[in-house]
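What follows is each chain in one-letter form.
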Amino acid sequence: ETGVTQSPTHLIKTRGQQVTLRCSSQSGHNTVSWYQQALGQGPQFIFQYYREEENGRGNFPPRFSGLQFPNYSSELNVNALELDDSALYLCASSGGGGGETQYFGPGTRLLVL
Amino acid sequence: AQSVTQLDSQVPVFEEAPVELRCNYSSSVSVYLFWYVQYPNQGLQLLLKYLSGSTLVKGINGFEAEFNKSQTSFHLRKPSVHISDTAEYFCAVTLAAGNKLTFGGGTRVLVKP
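Here the protein sequences come in this chain order: B and W. Residues in the first sequence are numbered from 1 upward in steps of one, following the numbering used here. Residues in the second sequence are numbered from 1 upward in steps of one, following the numbering used here.
Chain W with its partners taken away, still in its complex shape:
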């Protein structure tokens, strides 16, 4: 069975500073990887996904993530955050297209002015 670990439960960051959210997964087979964002009292919005091909994936709102197969990681980055990026971010993995997603515990990002 696959699992996902998000290494930081909370990340405080100043506005316009860079941020990196760490995600590691375990699986003995190939996976698809996703990052979702959840704003307060809302559902999940897809930020980006890795299915195959280039290991650097660009998503919405200036976010990008890099898939590292040898380190089984899929870290999310943004070079300059805004107050509006304050939210909870979830890394997720699935073994096959459309199958169940396994989520990490989430990382809460608090952007300070």
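For reference, chain B alone in the conformation it holds in the complex:
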């Protein structure tokens, strides 16, 4: 059984650009949640996808968007990058028999210059 994987591990972009982050959920999981963790802070919920539909959204602007595919992998897209978007982006999957527990991937560290 493979765990949650994310790509890329690191990314550097400039302000105004667009970025796509990817996440593969753990086998048997149908729900993916995305979190933003700024330096020195706890993770903040961005949104969640369940069976390819958005299933809840945190306090993030519309330039943060997502997608979930039929195999339950997911993408996080951020348009018009701002300096404050620099953070660790974490993906978590859940579902199956232990649906209440979210299992996290290693994260993608994004630096916006």
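No wet-lab data here; the hints were simulated from the structure. Ideal Cβ placement from N, Cα and C applies to all residues, glycine included. One or more of the hints may lead you astray.
[Said to hold, decoys possible] Here are the simulated SDA-like pairs of lysine to any residue, each with C-alpha atoms no more than 20 Å apart in a straight line: (1) W:Lys49 <-> B:His29; (2) W:Lys49 <-> B:Thr101; (3) W:Lys58 <-> B:Tyr103.
[Claimed, not checked] Some chain W residues flagged as far from chain B (calculated, every beta-carbon gap over 10 Å): (4) Phe14; (5) Val29; (6) Lys49; (7) Asn61; (8) Glu64; (9) Glu66; (10) Ile83; (11) Thr102; (12) Pro113.
Mind docking chain W on chain B? Use the hints.
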């Protein structure tokens, strides 16, 4: 809306000494509670969780936590720490299975030899 407060931002502790990390939450309804650990430059790893039943929960690596509903607390303890326990620890709460996690600000544990 629920919230989580981790009362200590940093906890220095000597090797083989006990440690307690404090977590308080606010919610008007029943919650599920979690502790995650984050080692440097890594994602979050689940230490333990409280869903229902016994208020004393045992997790991995010798950690345990006690749920206290009247005090709305979920403190994490370990009787004897190792150097390898140096990490950041996050308390989190969710209202329903698989829904968004709300995290505290984290407690950085530094184990000294």
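Quiz item: Taking the closest pair, is the beta carbon of Pro113 of chain W still more than 10 Å from chain B?
Solution: holds (25 Å)
Quiz prompt | Non-interface claim for Asn61 of chain W versus chain B (Cβ beyond 10 Å) | solution = holds (17 Å)
Practice problem: Mind verifying the non-interface call on Lys49 of chain W? Its CB should be farther than 10 Å from each CB in chain B. | Solution: For Lys49 of chain W, whose nearest Cβ neighbour in chain B is about 6 Å away, the distance does not exceed 10 Å, so it is violated.
Exercise. Decide if the proposed pair is consistent with the structure: Lys49 of chain W and His29 of chain B, CA atoms, cutoff 20 Å inclusive.
Key: holds (18 Å)
Practice problem: Mind verifying the non-interface call on Ile83 of chain W? Its CB should be farther than 10 Å from each CB in chain B. | Solution: holds (22 Å)
Quiz item: Holds or violated: is the Cβ of Glu64 of chain W farther than 10 Å from all Cβ atoms of chain B?
Solution: holds (17 Å)
Quiz item: Is the Cα-Cα distance between Lys58 of chain W and Tyr103 of chain B 20 Å or less?
Solution: holds (18 Å)
Quiz item: Is Lys49 of chain W close enough to Thr101 of chain B, meaning Cα to Cα at most 20 Å?
Solution: Answer holds: Lys49 of chain W to Thr101 of chain B is near 8 Å, not above 20 Å.
Quiz item: Checking the smallest CB distance to chain B, is Val29 of chain W really beyond 10 Å?
Solution: At roughly 15 Å from the nearest Cβ of chain B, Val29 of chain W sits farther out than 10 Å, so the non-interface label holds.
Quiz prompt | Non-interface label on Phe14 of chain W, tested against every C-beta of chain B at 10 Å | solution = Given that every Cβ of chain B is farther than 10 Å from that of Phe14 of chain W, nearest at about 24 Å, it holds.
Quiz item: Would Thr102 of chain W pass as off the interface with chain B, using Cβ distances and a cut of 10 Å?
Solution: violated (7 Å)
Quiz item: Just checking, Glu66 of chain W versus chain B, shortest CB gap more than 10 Å?
Solution: Answer for Glu66 of chain W: holds, closest chain B Cβ roughly 19 Å.
Comparing the model with each earlier hint shows violations of hints 6 and 11; every other hint is respected.
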